[in-house]
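Visitor: Chain by chain, the residues run as shown.
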Amino acid sequence: MSELLTQLSYCVEFGKIDKASPYPPNLKGQEGADEIARRALDEGIKPDEILDKALIPAMAIVGDKFTKKIIYVPQMLMAAKAMSSAMKHLKPYFQSGETKRKGKFIIGTVSGDLHDIGKNLVAMMIEGAGWEIIDLGVDVNTDKFLKAINDNPGAVVGLSALLTTTMEHMKKTVEAIKGNYSGVTTLVGGAPVTMDYCLKIGADFYSPDPQGAVNYLNQFALK
Amino acid sequence: MITTLKGTNTEVNINTAGPVVIIGESINPTRRKKLVTTLQEGDFSFVLELAESQIKAGADVLDVNVGFPGVDDEKLLPETVRVLQDNIDVPLCLDSPNPRAIEAALKVARGKCLINSVNGEERSLAALLPVAKEYGAAIIGLCMDDDGITHDPEKRLAIAEKIIERALKTGINQEDVVVDPLAMAVSADPNACLVTLETIRLVHTRLGHNITQGASNISFGLPDRESLNAAFMTLSIFNGLTCPIANPEKITAAVRATDLVLGRDDFAVRFVEYFQSRQPIQY
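Protein chains in written order, with the numbering used here: chain A, 1 to 223; chain F, 1001 to 1283.
Chain A with its partners taken away, still in its complex shape (with noise of 0.2 Å):
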């Protein structure tokens, strides 16, 4: 593999965004995911590879970092900013049709609640593991996902609920997806949320970490 896939898949890994970025403190003043994912590019390593062989395995590594507690939140929140920093310069071939993404993935928070570092989280490690995101943002009510839905045909759903409370709202939009469009795949998820609850209102997947959602859509892309 390439010097520079392997630089790549570091500075993803351990969250170097780019150059000017001070974090890590040991990269400093070094060249991060947005410098270099941009000359691998300029010497012609095929866009497919920088996604295949650097972005995604790294994503992959930081998503178990994660689940096994060596990482926390912040260290993930500046790997997926790594990551993203990387990935804008992989925007034309996708725009294009030359390099394809797994599927597209909607995701939001259900109405009435407001939390949002979750599914950033969620959604950071999925677009990392190769899917288009569309985020919809906090406090989403069901005629935004019905909206999404019905604009992006084929997407799979993830919802989020962080309070007690607002899991109701996780139910009525789970039974309105299913009602309209019954072969759309939703994952929920949050603090609050169980597997018991998830297979209660009909929902797909539930998952207590984002590498479990990971893990989950991979095997529905080989589907």
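The set of hints was computed from the structure by calculation and includes no laboratory data.
Quick caveat, the model's predicted, so the values are computed rather than measured.
Cβ atoms here follow ideal geometry from the backbone N, Cα and C, with glycine treated the same way.
Derived Cβ-Cβ restraints for the label pairs, each shown as a range:
id	chain 1	residue 1	chain 2	residue 2	range
1	A	Pro24	F	Lys1075	47 to 55 Å
2	A	Gly112	F	Thr1016	29 to 37 Å
3	F	Pro1130	A	Pro22	49 to 57 Å
4	A	Gly112	F	Gln1174	27 to 35 Å
5	F	Asp1089	A	Lys68	41 to 49 Å
6	F	Pro1130	A	Lys68	47 to 55 Å
7	A	Phe220	F	Gly1070	26 to 34 Å
8	A	Glu49	F	Pro1223	31 to 39 Å
9	A	Leu199	F	Ala1017	51 to 59 Å
10	A	Asn150	F	Ala1017	53 to 61 Å
Dock chain F against the given chain A, drawing on the hints supplied.
Guide: This is chain F only, laid out in the frame that chain A set:
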């Protein structure tokens, strides 16, 4: 400024000059499966257990949140309040996003409760202020409004002012509005806690109101949450926080220590008392 809350016979005075009053957070279904299953069976023994252990650990007031999927909290909240007040005598803080549940609970509650919470959204003000006035309850005014959450302390202060102004117009006494500056996780935003600390300072110095906050979640996504929560608690109290909503089992020691350091615990009476209450008795 003093905000007085009442149980059946007891009275708790929250004073802007301190010492700190602790509102116990643990009657809340998030990550407490046992609370959900027992309440679903109409069994209140675990709620009472949570109440008693929190009071023993230093809670002066208890937050009561029984909202979870599949439950009618317009029935369950008043029922829980009744059971709690039949067995323990500390003021209650009624916690629900459903104004009808709050009203139903106020109807049966004795004493003077705190409503958690009213925010600056028109819908919230219109639904809850008249209810607070009618039942003589105090309110928590949460610093967010129709535009969502702002990260500018001056804007949060402006929302607090708006809630206070509207409360006064409704006939609620000024001291019965306790401000919640809104605390957010520091793991996602390095400045999140600074924004809250600055809001506390502004509300304390410019408005002089009592201040609460649910602060246990500032440490979300990080290890050693207790140390982090204690550091934030201490700084918040220094800036003007007077009645945090927190887990007394984990935070009372830091709160008593801060009161002592700030000269609000003469001869360390409360600090020593608390320490000794947590030690096994030795003869």
